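Enquirer: As you go down the protein sequences, you meet chains A and B in turn. So the first sequence is numbered by this note's numbering: it starts at 1017 and just counts up by one. So the second sequence is numbered by this note's numbering: it starts at 28 and just counts up by one.
Do not rely on the hints blindly, as some may be mistaken.
In silico lysine-lysine, DSS-like type, Cα no more than 25 angstroms apart, as pairs [what the hints assert, rightly or not]:
hint	chain 1	residue 1	chain 2	residue 2
1	B	K105	B	K78
2	A	K1085	A	K1124
3	A	K1124	B	K68
4	A	K1065	B	K68
5	B	K68	B	K42
6	A	K1065	B	K71
7	B	K42	B	K71
8	B	K78	B	K42
9	A	K1124	A	K1065
10	A	K1124	B	K71
Examples of chain A residues lying across from chain B (beta carbon under 7 angstroms, computed) [to be verified]:
hint	residue
11	R1038
12	F1050
13	L1064
14	Y1066
15	K1085
16	A1119
Negatives, chain B to chain A, calculated, CB over 10 angstroms [to be verified]:
hint	residue
17	S38
18	I40
19	L93
Keep in mind the hints are simulated off the structure, nothing from the lab. Since we're looking at a predicted model, the values are computed, not measured. We put the CB at the ideal spot given by N, CA and C, even for glycine.
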Amino acid sequence: AQSVTQLDSQVPVFEEAPVELRCNYSSSVSVYLFWYVQYPNQGLQLLLKYLSGSTLVKGINGFEAEFNKSQTSFHLRKPSVHISDTAEYFCAVTLPSNQAGTALIFGKGTTLSVSS
Amino acid sequence: EAGVTQFPSHSVIEKGQTVTLRCDPISGHDNLYWYRRVMGKEIKFLLHFVKESKQDESGMPNNRFLAERTGGTYSTLKVQPAELEDSGVYFCASSQVTGTQHGAFFGQGTRLTVV
């Protein structure tokens, strides 16, 4: 079975500072990895995903994440955050499948709070 | 293009009552998923429809939960009778293509509070 651990439940940071949100996963087989963001009063929005290939993936809003197979990690980074990045961020995995989609397995979420 | 729509956005009911949540997926999306987040916990999978068929309902917690997707369009999730532990945010998601590499589009959720 697969599992996801988001190591920080809350990350406070000042505007224009860099940020890293940590995600580790556990799986005996290859997985696809995702980061979703939930802004206040909105649904989850896909930030980026890793399927295969280059281990550094770039997403929307200036976010990027690096897949590290040996450390089973998929940390999310942004070099300079804005107030508008304040949101809850979810790391998720799923099994690769070309059949009808299988379920996403989520971490508990990390609340990023950006202040001026 | 409209996104995934869920309603109501909030529902407060008493223990023992019935509640029905509705999800309208993005038009043309065959795959529809229900997830739930209990406070302080992970978002967890409940079930997955492909068109009107239940592809996977392994996450449904018990037989008080009934999901339907008649006609393969919108879906409903009924909780009857509701218990206190059913409180949480219920998310619906949809995707167009088969295969898990595409992720899914999520609605904003229905916050259910059972008192």
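Enquirer: It remains to establish, for every hint, whether it holds in the given structure.
Expert: Hint check results:
1. B/K105 <-> B/K78: 18 angstroms, holds
2. A/K1085 <-> A/K1124: 21 angstroms, holds
3. A/K1124 <-> B/K68: 6 angstroms, holds
4. A/K1065 <-> B/K68: Cα-Cα ~22 angstroms, so holds.
5. B/K68 <-> B/K42: Measuring from Cα to Cα gives roughly 21 angstroms; hence the hint holds.
6. A/K1065 <-> B/K71: 19 angstroms, holds
7. B/K42 <-> B/K71: Cα-Cα ~22 angstroms, so holds.
8. B/K78 <-> B/K42: 32 angstroms, violated
9. A/K1124 <-> A/K1065: It holds: about 18 angstroms lies between the C-alpha atoms, which stays within 25 angstroms.
10. A/K1124 <-> B/K71: 10 angstroms, holds
11. R1038: 16 angstroms, violated
12. F1050: The hint holds - A/F1050 has a Cβ within 7 angstroms of chain B, the shortest such distance being about 6 angstroms.
13. L1064: Given a least distance of 10 angstroms, the restraint on A/L1064 is violated.
14. Y1066: 10 angstroms, violated
15. K1085: Because about 18 angstroms separates A/K1085 from the closest Cβ in chain B, which is outside the 7 angstroms limit, the hint is violated.
16. A1119: Hint holds; A/A1119 Cβ to chain B Cβ min 4 angstroms, cut 7 angstroms.
17. S38: Check passes; 16 angstroms lies beyond 10 angstroms.
18. I40: 21 angstroms, holds
19. L93: The assertion about B/L93 holds, with a minimum of 19 angstroms to chain A.
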